[in-house]
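For the protein sequence lines, the chains are A and V, in the order given. The first sequence begins at 2 in my numbering and counts up one residue at a time. The second sequence begins at 105 in my numbering and counts up one residue at a time.
I should point out that these hints are in silico values taken from the structure, not numbers from a laboratory. Beta carbons: idealized from backbone N, C-alpha and C, even for Gly. Take these hints with a grain of salt, some might be off.
To be verified - Short, incomplete list of chain A residues facing chain V, as computed with Cβ under 8 Å:
| id | residue |
| --- | --- |
| 1 | 37 |
| 2 | 41 |
| 3 | 44 |
| 4 | 68 |
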Amino acid sequence: MAQPADVRYSKEHEWVKVDGDTATIGITDYAQNSLGDIVYVELPKVGSQVEKSASVGVVESVKAVSDLFTPVGGQVIEVNAELDGDPALVNREPFGSGWMFKLKLNGTDQTDGLLSADEYAELTQE
Amino acid sequence: MYTPHTEKDVKEMLAAIGVPSLERLVEVPEPVRLRERLDIVPALSEAGIVSRFEHFAKKNTGASYVSFLGAGAYRHYVPPAIGALAMRGEFLTAYTPYQAEVSQGYLQAIYEWQTYICLLTGLDIANASVYDGATALAEAAIMALNANGRKRVLVSHAIHPMYRSVLKTYCDGLDISIEELPITDEGVTDFNELRERLQSKQYACLAVQSPNFFGNIDTPDDTAARVCRETGTVLIGVVAEALSLAALTPPAQWGAEIVAGEAQSFGVPVAYGGPYVGFIAANKDHLRRIPGRLVGKTVDVHGNEAFVLTLQAREQHIRRERATSNICTNQAHCALIATMYLELLGKTGLHDVASANLERSRQLATRVSSLKGCSLEFAAPFFNEIVVNVHRPASPVLAQLQQRGVLGGVDLGRYYPEYSDCILMAATELTTSRDIEVLCSALEDALRVTSVEKAENDTVSV
Numbered sequence: 002m003a004q005p006a007d008v009r010y011s012k013e014h015e016w017v018k019v020d021g022d023t024a025t026i027g028i029t030d031y032a033q034n035s036l037g038d039i040v041y042v043e044l045p046k047v048g049s050q051v052e053k054s055a056s057v058g059v060v061e062s063v064k065a066v067s068d069l070f071t072p073v074g075g076q077v078i079e080v081n082a083e084l085d086g087d088p089a090l091v092n093r094e095p096f097g098s099g100w101m102f103k104l105k106l107n108g109t110d111q112t113d114g115l116l117s118a119d120e121y122a123e124l125t126q127e
Numbered sequence: 105m106y107t108p109h110t111e112k113d114v115k116e117m118l119a120a121i122g123v124p125s126l127e128r129l130v131e132v133p134e135p136v137r138l139r140e141r142l143d144i145v146p147a148l149s150e151a152g153i154v155s156r157f158e159h160f161a162k163k164n165t166g167a168s169y170v171s172f173l174g175a176g177a178y179r180h181y182v183p184p185a186i187g188a189l190a191m192r193g194e195f196l197t198a199y200t201p202y203q204a205e206v207s208q209g210y211l212q213a214i215y216e217w218q219t220y221i222c223l224l225t226g227l228d229i230a231n232a233s234v235y236d237g238a239t240a241l242a243e244a245a246i247m248a249l250n251a252n253g254r255k256r257v258l259v260s261h262a263i264h265p266m267y268r269s270v271l272k273t274y275c276d277g278l279d280i281s282i283e284e285l286p287i288t289d290e291g292v293t294d295f296n297e298l299r300e301r302l303q304s305k306q307y308a309c310l311a312v313q314s315p316n317f318f319g320n321i322d323t324p325d326d327t328a329a330r331v332c333r334e335t336g337t338v339l340i341g342v343v344a345e346a347l348s349l350a351a352l353t354p355p356a357q358w359g360a361e362i363v364a365g366e367a368q369s370f371g372v373p374v375a376y377g378g379p380y381v382g383f384i385a386a387n388k389d390h391l392r393r394i395p396g397r398l399v400g401k402t403v404d405v406h407g408n409e410a411f412v413l414t415l416q417a418r419e420q421h422i423r424r425e426r427a428t429s430n431i432c433t434n435q436a437h438c439a440l441i442a443t444m445y446l447e448l449l450g451k452t453g454l455h456d457v458a459s460a461n462l463e464r465s466r467q468l469a470t471r472v473s474s475l476k477g478c479s480l481e482f483a484a485p486f487f488n489e490i491v492v493n494v495h496r497p498a499s500p501v502l503a504q505l506q507q508r509g510v511l512g513g514v515d516l517g518r519y520y521p522e523y524s525d526c527i528l529m530a531a532t533e534l535t536t537s538r539d540i541e542v543l544c545s546a547l548e549d550a551l552r553v554t555s556v557e558k559a560e561n562d563t564v565s566v
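Excised from the complex, chain A in its bound form:
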């Protein structure tokens, strides 16, 4: 399964890409594959403050509804509006156009404790 090396991973199967003080967050290829056809994504409100590891939304597939956790904390600055009309983007390009939301990070050491691509690959092979 595709596992980009330039992002960090959470045990809850989210990925986060940090660029300066901005973080982009989505769910992994493994997560979208386990969920199946995604039909709806509920994202946090732009402007809201979210704590690291908090439940900030839901991802609904034809067979399950899962909570969406944020691997890092901060203020929501943008959500992927494309997902409203085409939630299957998450299935097609989980690390690309299927991204979910962007945060302005609260601190700099937020990615501590998150996994590297190799570590995540190990986790999902268990």
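Assemble the complex: chain A is given as a structure, and chain V must be docked to it using the hints.
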């Protein structure tokens, strides 16, 4: 298939909890064990039981009274076809058959029920029903709380008191405060301070009932509805008398985003304690927050129309504690009855019944208010229920009426102490001119008797 525990299973479980035998597990301790035989009447024969219960049934004389009771439970004519159809064995099952492969008929009926509720309320979606109108209001409030994450609920003081009570019970375990909007002298919700209160953007929703508990048409005006929209407050319409939907502006048109109501009026007879049948309708924005079952229309592999449960991923058997609601149970059989009722009457038939209610209740209002010592408490337009002020405590007046074979209505003071001189009276298409004359004559007598008692009491107290 039923798989009983094997002897080995039982032994393992007992060992795990450290009990030597099943007998020891359920043993009643010696000191509290009952020695003598239970003091109950000897068993009766089948014929004996029938006779005994016939005797009990004869004590139930409700049907012989002329009744003006309403307050959330309405007497309406039930076409006999409903009894014949709804009692068929295919429908009388304790467990609602949802399995699409074998239950297309029932699923189609639920889909039609949802469609009717959408047509009547003017909203986009409706669920397969909930327990009753009170539960519907509580679930609607929770939809709003989940929609905007706020912690305060604002409700009109003119909402059915039992509905407000159930709402309170629901919110008890959550960190939610319930506040009320007062009522005006006209017996409708006072929206004067609405803008001021909602400006804080702290209220998840505003719930208003129309017709309200007093029978008055009580819809928020355009300004109030706009304030709700502008402040992100979900406007919830509550309907305790579903028949009124056939005569009044659909709640969606006055701005309701969610409608919670009770459909007992559609073919479900009044009975002590129910069953009732609640409904919830909402606009598309709330699609994923509406609780309970939803039936959707689709096509099968051959392209034929088919009905299935849909959006089930939100429900408790999948989402567990994070489900939209932990009551997926609904009143499928009562909803089926209501669907049959609406289908038998049709649009014009339903409209005719609603018109008859308007007519009979106006006749009641005119006649009763012409009596000496009686007046209408409110001047607001009403559907089929009115509040009559008898200018003395209502409770003894109602007792006198009952002695004269008339159930005159509900003592409003039971729920609103400030209106203890008032009676809430309902008139439906079943209320005849003769019923109204019987009431008026009994009421004149009752007022004479109670005014004499009052005078005597006054003398004593002086």
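Enumerated hints in conflict with the structure, sorted upward: 1, 3
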